[in-house]
Structures are given as structure tokens and as C-alpha cells.
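*Asks:* Chain order of the listed sequences is A and B.
One point on numbering: in my numbering, the residue at position 269 of the first sequence is 269, and numbering is uninterrupted.
One point on numbering: in my numbering, the residue at position 58 of the second sequence is 58, and numbering is uninterrupted.
Worth flagging that the hints you see were computed from the coordinates, not collected in a lab.
We put the beta carbon where it would ideally sit given N, CA and C, even for glycine.
Possibly wrong hints are sitting among the right ones.
[Unchecked claim] One-sided excerpt, in silico: chain B residues whose CB lies under 7 Å from chain A:
#, residue
1, 16
2, 28
3, 29
4, 42
5, 44
6, 92
7, 96
[What the hints assert, rightly or not] In silico SDA-like pairs for lysine to any residue, Cα to Cα no more than 25 Å straight-line:
#, chain 1, residue 1, chain 2, residue 2
8, B, 136, B, 39
9, A, 31, B, 14
10, A, 48, B, 88
11, A, 48, B, 103
12, A, 48, B, 38
13, A, 48, B, 27
14, A, 113, B, 36
15, B, 37, A, 268
16, A, 48, B, 75
17, B, 37, A, 51
18, A, 31, B, 49
19, A, 48, B, 118
20, A, 48, B, 41
21, A, 110, B, 28
22, B, 37, A, 54
23, A, 48, B, 37
24, A, 48, B, 34
25, A, 31, B, 13
26, A, 48, B, 21
27, A, 188, B, 85
28, A, 48, B, 60
29, A, 22, B, 77
30, A, 48, B, 77
31, A, 48, B, 104
32, B, 37, A, 162
33, B, 37, A, 225
34, A, 48, B, 14
35, A, 188, B, 75
36, A, 48, B, 49
37, B, 37, A, 103
38, A, 48, B, 136
39, A, 48, B, 4
40, A, 48, B, 28
Read off the chains here:
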Amino acid sequence: MATTREIKRRIRSVKNIAQVTKAMEAVSASKMRRAQAQAQATRPYANKAMEVLSFLARIRNSYAADQPLLQQRDVKRVALLLITADRGLAGGLNSHMITAAARWIKGWEKEGKDVELVTIGKKGRDWMRKYGPPIRAEFVSLGDRPASGYLAASHRRKATAEVGPIARVLMDDFISERYDAVYVGFMKFINTVNQEPTVMQLLPIVPDESVPPDMAIDYIFEPDAETVLEQVLQSLLEIEILQALYEAIASEHSARMVAMRNATEAADELIGDLTLTYNKARQHAITMSLLDIAGAVAALE
Amino acid sequence: MSTIHLSLIAQDRIVYDDDVKMVILPGASGAIGVLAKHAPLMAVLQPGEILVRNDGEEDRYFSVGGGFAEVRPDEVVVLARSAESAEEIDIARAEEAMRRAQEYLGGPEKDRDMERRLAMESALRRSLTRMKVARKRAAVRSRSADHTPYRQAQQEEE
Chain A
1 MATTREIKRR
11 IRSVKNIAQV
21 TKAMEAVSAS
31 KMRRAQAQAQ
41 ATRPYANKAM
51 EVLSFLARIR
61 NSYAADQPLL
71 QQRDVKRVAL
81 LLITADRGLA
91 GGLNSHMITA
101 AARWIKGWEK
111 EGKDVELVTI
121 GKKGRDWMRK
131 YGPPIRAEFV
141 SLGDRPASGY
151 LAASHRRKAT
161 AEVGPIARVL
171 MDDFISERYD
181 AVYVGFMKFI
191 NTVNQEPTVM
201 QLLPIVPDES
211 VPPDMAIDYI
221 FEPDAETVLE
231 QVLQSLLEIE
241 ILQALYEAIA
251 SEHSARMVAM
261 RNATEAADEL
271 IGDLTLTYNK
281 ARQHAITMSL
291 LDIAGAVAAL
301 E
Chain B
1 MSTIHLSLIA
11 QDRIVYDDDV
21 KMVILPGASG
31 AIGVLAKHAP
41 LMAVLQPGEI
51 LVRNDGEEDR
61 YFSVGGGFAE
71 VRPDEVVVLA
81 RSAESAEEID
91 IARAEEAMRR
101 AQEYLGGPEK
111 DRDMERRLAM
121 ESALRRSLTR
131 MKVARKRAAV
141 RSRSADHTPY
151 RQAQQEEE
């Protein structure tokens, strides 16, 4: 049986750990609330934007044929924008995302497609550097409040980063035919205890097949098709990427909060067990010394 | 009476989501009026006002800070950079923003970079729109009794 001193030291160290995880839980909880509100507030906009994009992609007329972002080519080269967190200690969050991404990458490679990555976040980057396909570009430390140049100024005032450059890299490479398809992978925020790895096609924009093609024939553009399509496609794509980031940030803080809560609970339980062992050991020591004294007294008589 | 569904969505919230009889949008090359069964249309919007009309109701005004509108025969979707209804506009804040922008634009030439200047110009345009929309709302309220707020707004525009 371990000595009482050893057990005491362990109790102290576990108590320290519990204190740290408790503090991290509190920090994550407040970040989580903001991140969740952010992700949920912008969802209707992003969903509608997606709807509009897929509707536009259905248009098969002369302007659309010239629009580089609407080109459907034979897919030989694929880019995946992989969004992970910069930091760990968030339960299975990052490894779930990376596993899902690796599965998709394997699938593409099996079909004979070349894959390249653009990463956001250190965790995904570090893993992919070792085991994954080549990385075309990497972005880290975007903070909790990325924004887009297409947002109103009031949203951008406290922005920690801009998604513009990220969107630019992907769109330019798609237009220059370096890639024939661009996907984004992120942890979709479902609720505080549930996040889902999601991989979604960004480019070419997936057309909405439920729209009758004849409806799109006499589509009017104001002021003109070129301006409208260019502006709409670029800004709405940027919004889609931003939404993926918001979802990932909300997921990160939620997962970390839950992980830290579990860690605190486990530590508290361990402290209970250890205290019990400590008391037993103490009792044992006392009994032993009592026996010693009793034995000594008996020997004297 | 046939109606058309309007979704007016700002970046961070749904501002208006209901059936309407008519909506007028601030298109990049002029106002666009939309009724039910409108031809499919995709338009870039400039900062300006949106008017929503329903039978048996007062007209409603919204200010938008630019964006896009997509029109289908039964649906209008407005994706706005920012949007608020006339009732929500804080005139004092808009005036303050306008004053700041004017001060900057009227200030000394040397410490100006282009980007900031453009940002200030668009801020000025937005605050002017906000004030215009808010005043118009006030004018609708008091149309029968008093015309002054509306006239005032018109004079300021000139």
C-alpha cells in the first residue's frame, strides 16, 4: 500500500488539475455562447445564399457559360479547404474532422484524382503535413471573429481576421483550372454536445435540379449579367466559407467546454477515491502503531 | 389579390419574412418595383430604401446598406449587407455617423488613404439613407396633420 505522503501528494496534484480544467471550462463556456450565437445568427443568410447560388448555377444561358465560377469540368484535381482548431484539448473534435477528411481524400485518390489542401487551423495542418497530400496554402490564428469584406461595417469592427484572402486563393485556383472542384470540410455545429464532420462542395456550384431549366431562360440581370454574376458569386461564396468557419468555431468551443467539464468531473471522482484510500492508509498506520504499543506493553508485563 | 413572398435577410438576422403585395427595391441602376408573377430577376442593390406595400396596411420602409435581390415569380429574396426597418433606425446615431464622415471628408488632404476615404464615403451614404428612411416614416405617421418632416427631408436631399 502506498504511503500516506505519496497519496497526499497525488490528491494535491489532481486538485490542481481540477482547478485548471474548471477554469478552462468557464472560459470555453463564455466563448461558446458567443460563438454559438454567431453561427446561428448568420445561418439563415448563408442558407439563402446557398439557395440563390444553386439556383444561379441552374441557369444555362450565354452569360452563365462565360462565368468562370460556374464551369463544370471533368474533375481531375480537387482542393479541400480543411478547417480545424488551432488548439487541442477539445475531446475528439480535431481527430474526428481529420479522420473524416482523410477518408474523403482517400476516396478521391482512389478515383484517380489529384488532391491538394488549403488548411485553416494548426491541428489539421500539422497532421496533413505528416500524412496527407500537399498543402497549397495554410491559414492559422484566425481568432474567434473572422469577418468578410462583404459584411456591414458594424460586424467588422471587432473582426479578428478576414476570409477574403482564403476565398481568393480557392477561386483563383479554380478559375485558372488548377482545380476542377473545391470542397470545404468543417465541424458542423449541431448542439453543445454534438458536432458533425461535414464535407461540402463549394465549386463548381451545385445546381438545384428541382428548378425547371426553362424558368431560367429569360432571367433578367440588373444592371447586367456580368456584373451581377461576378459580384453575387464571389460574395456569396465568401459568405459560405465564413459560415463554415463560424460553425467550426462554435463546435470548437462547445467541444472544449464539454471535454473540460468531463475532465473536471473525472478529477473530482479521482479525488474522492484517493481521499478514501488516503483515509484507509492513515487508519492502517494508526492501527499498526497501536498494535506496536500494545505489543510492547504486553512484552513488558 | 395575388401576393409575393418577401424574405429580407440581413447578415445576422431575418428582418422581414412575409407575403406582400408589392415591394420596391433600390437597384444599382434605379428603383425596381416587384409584384407577384414578376419575371425571374437578379439585381445588385445599392444603399437605399425598400418599400413594402400591403393592402389595408400602412406602407413600411426599410433601409438597406446594399446587397443582392433575387426575384422569382412567387418569391423575393433580399440578401442585404445590413437592413433595418424605419422604426428601428436610431436617428441620433445616424446623424452622429454622418457628422463624423463629413468631418473626415472635409478635413485636411494629407492624412487620407484611399481605402478609408471610400469607407467614409459609403458610411456617409448609408447614414443619409437611414435618416431619409426614418424621416419618411415620421412623415407617413403625420401625413394628415403636418407635412413638415417630409418637406424637410426633401430639402435636405436637394
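*Asks:* Taking the hints in turn, state whether each one holds.
*Replies:* Hint by hint, here is what the structure shows:
no.	hint	in the structure
1	16	violated, 12 Å
2	28	holds, 5 Å
3	29	holds, 4 Å
4	42	holds, 5 Å
5	44	holds, 6 Å
6	92	violated, 16 Å
7	96	violated, 14 Å
8	B:136 / B:39	violated, 30 Å
9	A:31 / B:14	holds, 24 Å
10	A:48 / B:88	holds, 24 Å
11	A:48 / B:103	violated, 38 Å
12	A:48 / B:38	holds, 19 Å
13	A:48 / B:27	holds, 19 Å
14	A:113 / B:36	violated, 47 Å
15	B:37 / A:268	violated, 65 Å
16	A:48 / B:75	holds, 12 Å
17	B:37 / A:51	holds, 20 Å
18	A:31 / B:49	violated, 36 Å
19	A:48 / B:118	violated, 29 Å
20	A:48 / B:41	holds, 16 Å
21	A:110 / B:28	violated, 48 Å
22	B:37 / A:54	holds, 21 Å
23	A:48 / B:37	holds, 20 Å
24	A:48 / B:34	holds, 19 Å
25	A:31 / B:13	holds, 20 Å
26	A:48 / B:21	holds, 22 Å
27	A:188 / B:85	violated, 32 Å
28	A:48 / B:60	holds, 23 Å
29	A:22 / B:77	violated, 45 Å
30	A:48 / B:77	holds, 8 Å
31	A:48 / B:104	violated, 37 Å
32	B:37 / A:162	violated, 39 Å
33	B:37 / A:225	holds, 21 Å
34	A:48 / B:14	holds, 11 Å
35	A:188 / B:75	violated, 29 Å
36	A:48 / B:49	holds, 21 Å
37	B:37 / A:103	violated, 46 Å
38	A:48 / B:136	violated, 30 Å
39	A:48 / B:4	holds, 17 Å
40	A:48 / B:28	holds, 21 Å
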